[in-house]
Amino acid sequence: MKLSKLKRYLPKGRHAVIGVPFVWLFLFFLLPFFIVLKISFAEADVAIPPYTDVFSWADNQLTILLNFGNYVFLSEDALYLAAYLGSLKIAFVSTLLCLLIGYPMAYAIARAPKEMQTVYLLLIMMPTWTAILIRVYAWMGILSNNGLLNSLLMGLGLISEPLQILNTNLAVYIGIVYSYLPFMVLPLYANLVKHDQSLLEAAADLGSRNFNSFWRITVPLSKNGIIAGCMLVFIPVVGEFVIPELLGGPETLMIGKVLWQEFFNNRDWPVASALAVVMLAILLVPIILFNRNQAKEMEGRA
Amino acid sequence: MKRWSFSSTMLWVGLLFIYLPMLIMVIYSFNASKLVTVWGGWSMKWYFGLLDNSQLIGSVLRSLEVALYTAVAATALGTLAAFVLTRVTRFKGRTLFGGLVTAPLVMPEVITGLSLLLLFVAMAQLIGWPAQRGLLTIWIAHTTFCSAYVAVIVSARLRELDLSIEEAAMDLGAKPWKVFFLITIPMIAPSLAAGAMMSFALSLDDLVLASFVSGPGATTLPMEVFSAVRLGVKPEINAVASLILLSVSLFTFVAWYFTRRAEERRKRAIQQAMAEEAV
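Protein sequences, first through last, are from chains P and Y. Quick note, in full-length UniProt numbering, the first sequence goes up one by one and the last residue is 302. Quick note, in full-length UniProt numbering, the second sequence goes up one by one and the last residue is 279.
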C-alpha cells in the first residue's frame, strides 16, 4: 500500500500535525457546546456574567446545582414549540424548493462544455462570497409595499393596491431560497460531473426514454450530492437569523430569531443556552448524516 | 450542436434570479432621489456622503483587519486539517476529528456564536483571558469556522495529487517537512489561494458570530450595516452595499482569472514535458 510507505516517514512531526488543528477545534468548537449545556442548567441572575453557578465548591464539597427550570419553561410556553416547528417547516420547504430549482441548474452545468463549466461555477459561487446581509437587503427594496415589484405590477395594471410581501413568510422563503441556492447547486454539480455518460448511452441503446434514464440512473447515482446539498441548506436554515429578522414579520416564528432575542434583548443567557441545546439535539441526526457523507467524500471513497 | 433543454433554461432563470436583485440594488444606489422607490436621475452623492461617515470607515478598517488575519490563520489551520484527513489514515479519534472539521460548515451560526461567547466568558472568569472581547475574539471565531471551508477545498485538491511525487522525494531522502513545503505546498497552491480568499470573504461578511463575540468599540462593517438596515431601505445603505458587492465580485473575478491562468500554464508545461519525453 502506497500510503503505508508514506506513513512510515511521518513519525515525529505527526503529533504536531494532528495536534494543532485538533486542539484548536476541540477548544473553540467542541468544548463551547459543553459550556452551553452547563449554562442551560443555570439560573438567570443580575450579575456579570448574568447566570448562577452550576458547580460550587464549599466546605470541601462539590455541589452541583442542576436547574431544569429553563427546559420546563421552554416546554410550557407555546411560543417556543411554535418557533421550533416553524423553523423546521420553513427549512424543510425551502430545502425542497432549492433542490427542485438547483438540481436542473447543476445538471445543466455538468452537461455544459468544459470551458463554460468554470464560468457557470464562478457565476454560482460569486454571490456566496458576498454578505448574506446585502443579498437579503437587496430584496427588501424589491418586495416592500412601495418597492419595485409592487410598482411594476401596479404599473402593468395587474393589481390595484400593493401586495404585502415584505414581512411575511413568503418573503422569508424567497430570501432563503435565494441565499442558499448556491449551496445546493455546488455539491450537486460536484457529484453530477463525475457521472459516466456511457451508462446513459447504454440505457438509450436498450431503448430507455430520456426521463426514465434520468430517474432510474442519474438520480440514484447522485444520492450523495443530494444529501450533501440538502444538509448544507436544511441545517443552517433551521437556525437562520438574518433572513427572518429582515424579511419576516410577526407571523414568522423561527428559533434563531427567538434565541437572538432571548440573548440580546432579554439578556437571559440560560434560556438562550437551553434553546441552543434543544436546537442542537434536533439537528444532531442531520449533522451526523452530513458528516458521514462528507467524510466519505473527503477520503475519496464515495 | 446545442439542444435547448429544460435544464439549461432553468440554469439561466436561476442565474437571473440570483443576479437581478443585486443589479437592481446597484442601479438604485445611483438614484439622486432621497425616496428609494422614485427614480430621480443619476447621482453619485450617496457615495461621496459615505466618505464623511467616519464611524463607517472605522468599521470597514476593523473588518478588513480581522478578515486579513482570519485568511492567514484559517488557511494554515485548514490546510493542516486537510492534510491529516487525507494523508494520515489511522489514528485515535479520527472520526471525531473528521466531525470537528466538517461540522462548522453546517452548524447554525447562532449556536456557534452563543457557545463561543460563553466559552470566552468562562475563560475570562477562570484564567483571566481574554480580559476584553473584541477583534481578537472575533478573529478566533472566524478562524474556527473558516478553517472548515479551507479544509474542504484543500482536501479536494490533496486527493487529486499524485502521491508518487511525494514518495519519490522521500525515497531520495527528503525529510517530511521538506517534502511538504517544497513539493506538496507548491502543488496545492491554487487551492490555498482559493481557501484564503474564501476565508477573507466569509470573515468580511459575518454578522452573527461577530455580534455575539464582539465587545465594546469593536463594531465590524456587517454589524454597522445591520443596525442601519433594520430601520429600512435607505440610499446610503444602497451605496455601501453596492461598494461591498462590487469590490468582492471584482476581487473574486481577478483571483479566479489568475488561478485559472496559472493552472493552464501548469497543464501546458506538463503536456510539453510529456511530448518531449515521447520524442
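A hint or two may mislead.
Restraint-style ranges between C-beta atoms, simulated for each label pair [as the list claims (entries may be wrong)]: (1) F34/P / W129/Y: 34 to 40 Å; (2) K296/P / G93/Y: 14 to 20 Å; (3) G93/Y / L152/P: 39 to 45 Å; (4) A262/Y / G249/P: 47 to 53 Å; (5) V119/P / L246/Y: 15 to 21 Å; (6) S151/P / R94/Y: 53 to 59 Å; (7) N60/P / Q125/Y: 38 to 44 Å; (8) L64/Y / K89/P: 35 to 41 Å.
Computed footprint of chain P on chain Y, listed as stretches where at least three residues anywhere in the stretch have a Cβ under 8 Å from a Cβ of chain P [claimed, not checked]: (9) 52–64; (10) 89–103; (11) 115–124; (12) 226–238; (13) 244–258.
Don't read these hints as lab results, they were simulated from the structure. Each residue gets a CB set at the ideal place from its N, CA and C atoms; glycine is no exception.
Structure-based check of all given hints:
1. F34/P / W129/Y: 34 to 40 Å: 19 Å Cβ-Cβ, so the 34 to 40 Å window is violated.
2. K296/P / G93/Y: 14 to 20 Å: 18 Å Cβ-Cβ, so the 14 to 20 Å window holds.
3. G93/Y / L152/P: 39 to 45 Å: violated (57 Å)
4. A262/Y / G249/P: 47 to 53 Å: Roughly 49 Å apart at Cβ, these two residues keep to the hinted range, so it holds.
5. V119/P / L246/Y: 15 to 21 Å: This hint holds: roughly 19 Å between Cβ atoms.
6. S151/P / R94/Y: 53 to 59 Å: holds (58 Å)
7. N60/P / Q125/Y: 38 to 44 Å: violated (22 Å)
8. L64/Y / K89/P: 35 to 41 Å: holds (39 Å)
9. 52–64: violated (count 0)
10. 89–103: Holds, because 11 residues of the stretch 89–103 of chain Y bring their Cβ atoms closer than 8 Å to Cβ atoms of chain P.
11. 115–124: Since 6 is at least three, the answer is holds.
12. 226–238: holds (count 7)
13. 244–258: holds (count 7)
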